[in-house]
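Chains as they are written, first to last, in the numbering used here: chain H, 800 to 1120; chain L, 800 to 1120.
No lab work stands behind these hints: they were computed from the structure.
Treat the hints with care, as some may be off.
Where chains are identical, the list cannot tell them apart; a pair therefore holds if satisfied intra-copy or between any two copies.
Pairs of lysine to any residue residues, derived as SDA-like cross-links and limited to a Cα-Cα distance of at most 25 Å, are as follows [said to hold, decoys possible]:
| id | residue 1 | residue 2 |
| --- | --- | --- |
| 1 | 1032 | 824 |
| 2 | 896 | 952 |
| 3 | 923 | 859 |
| 4 | 1022 | 1099 |
Quick caveat, the model's predicted, so the values are computed rather than measured.
2 protein chains.
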Amino acid sequence: MHDFEQLSQQFTERFNRDHFPAAPASLYDPNRYFLQMGGKRVRPVLCLMGNELFDEINPDAWPVATAIELFHNFTLIHDDIMDAAPLRRGRQTVHEKYGSSTALLAGDVMLVAAYDYLNRISPKYVMAIMHLFNQTAREVCEGQQLDMDFEKSTDVGFDAYLNMISLKTSVLLAASLGMGAILGGAGERNQNLLYEFGRKLGLAFQVQDDYLDAFGDPEKFGKQVGGDIKSNKKTFLLIHALETATGADKRRLEELLQSDEEGKVEEVVRIFRACGVDAWANELKDRYVNEAFAHLEDIAVLSKRKEPLKQLALFLTQRQY
Amino acid sequence: MHDFEQLSQQFTERFNRDHFPAAPASLYDPNRYFLQMGGKRVRPVLCLMGNELFDEINPDAWPVATAIELFHNFTLIHDDIMDAAPLRRGRQTVHEKYGSSTALLAGDVMLVAAYDYLNRISPKYVMAIMHLFNQTAREVCEGQQLDMDFEKSTDVGFDAYLNMISLKTSVLLAASLGMGAILGGAGERNQNLLYEFGRKLGLAFQVQDDYLDAFGDPEKFGKQVGGDIKSNKKTFLLIHALETATGADKRRLEELLQSDEEGKVEEVVRIFRACGVDAWANELKDRYVNEAFAHLEDIAVLSKRKEPLKQLALFLTQRQY
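Bound conformation, chain H alone:
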């Protein structure tokens, strides 16, 4: 059994090889550039932890974890095009540096490379892994489309938002664990419980992410507070505030969403507090964390095997940065 740090290090050592041929450099250099930006590699580590929950690491877990991380990076490259984002992790996005057409194509070939890693595992697992991988890939695309649809809508309810964010961010975390469970030899019931643990954990993580953007301590947070508010991004907080604010606060919030005025972040945060969004978000997060842990409890393995996942879950949902 290994903790997050150990698995992250082991994965990164293996992942930091070249996944692409040298030529044509005009296609593959953009992918090398993007992967070299690094990242926390949370998803592949979840795959390895899902495996280790049930058994020693199956050699097939490495290519599957690699496929997951390549898939995740494919979605980032394409999302950045769609969002017209100039920067990611403080560096130029692929389409900014190499142009949209090349970024599109580099993303495509990154997805193909992910499938190529899936094709390196034992035939015994291919069908189950591919099934979950494909289902998840479809859902992530659906989540991104819904997210774009919602950007144009002023009237997104909590349930619709929850469904979107689950598809866009949680299912890949869940599926990473789920694929690990498959490779660890887990039965279907345990696979499903671990998947649901991951899905709820993902929701809790997103609530925390949204919370920190508005209420985080700028000293600890590391990035500017209020980025979501400035860009009018739909978040758990905004959705709830729009559903619960009344009277002058409601009118003012809707007004602020149309404006770029100075002091916007502070005023939106004030309205959030006035609606009790901060306490509500903490309760919502705790609920998801508790539901996630209940699923983890139900998994039929020795409880000490669950420790690394518990620690990671607490870290991800209680971080202040």
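Fit chain L to the known structure of chain H by using the hints.
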């Protein structure tokens, strides 16, 4: 044994079902719209013919043929974005009708759907089919990137162009036949021969396509002659003319490539003729057809089994439209 028409009809009947869920319609309607435009379905039929060359149609050939056609459509949707093409088959392209972001995502999910069909076949074939499919997908992306690179270059040699066009268009035709051969139980030597038959056939087809654009009979051709010339597209003809024209013709050709003047098409065609590009293109096509047929001859099956492929090859490379 069936001919192209019969297999095309059988495939189309099966293919004209819905490959996507109903919701979110904002993501899947664009794909339904694009697939309903139709098409000759050449690639899936090649897969079926490659299978029938060796044995009765394997039930797995249908999902593989479907995956190939979905993959091809994925490339068209993304290529249309990159080329900023307003129309395809006389109708609005996906990005024109639904926006670039949705077209990007609709293409992504079309590729995932293709892989989902590959995951429905017998585990016995999955690894070999996925291997060829992934290699081909990678090569098609490489071809598209090289094509974009060449657009910006004034100095593309014949060999570089040939490599690009082989990647961009021929390898998918070749791989369609190759996957059929795998499913028909062909040995590796026969698989490779059929693959090379397809690759050479694809090159001959492209030469004929380029030839018709410049020298086709407008009555038979069905579309406007000179489209490639107007858009300064690199073709077999232009590459050869740039390599062989001399003196005033060469200077004038380079001038015309920078201009939009009236009579451009006619004058470029005149220079093509002056350089003997028309006869050269016919010889080049015949060479590729002959090489393709030589590979087909070498395949160790009864020669009557080769008839449908021969007929298709002659049709594709001798059509006047």
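If the cutoff is 25 Å on CA atoms, where do residue 1022 and residue 1099 land: within, between, both or neither? Let me know, please.
neither (40 Å within a copy, 66 Å between copies)
Regarding residue 896 and residue 952, is the shortest C-alpha distance of 25 Å or less found within a copy, between copies, in both, or in neither?
between (31 Å within a copy, 19 Å between copies)
When Cα atoms must be at most 25 Å apart, do residue 1032 and residue 824 count as within-copy, between-copy, both, or neither?
between (36 Å within a copy, 23 Å between copies)
How would you label the pair residue 923, residue 859 (within, between, both, or neither) given a Cα cut-off of 25 Å?
both (11 Å within a copy, 19 Å between copies)
In this structure, the one hint that does not hold is number 4.
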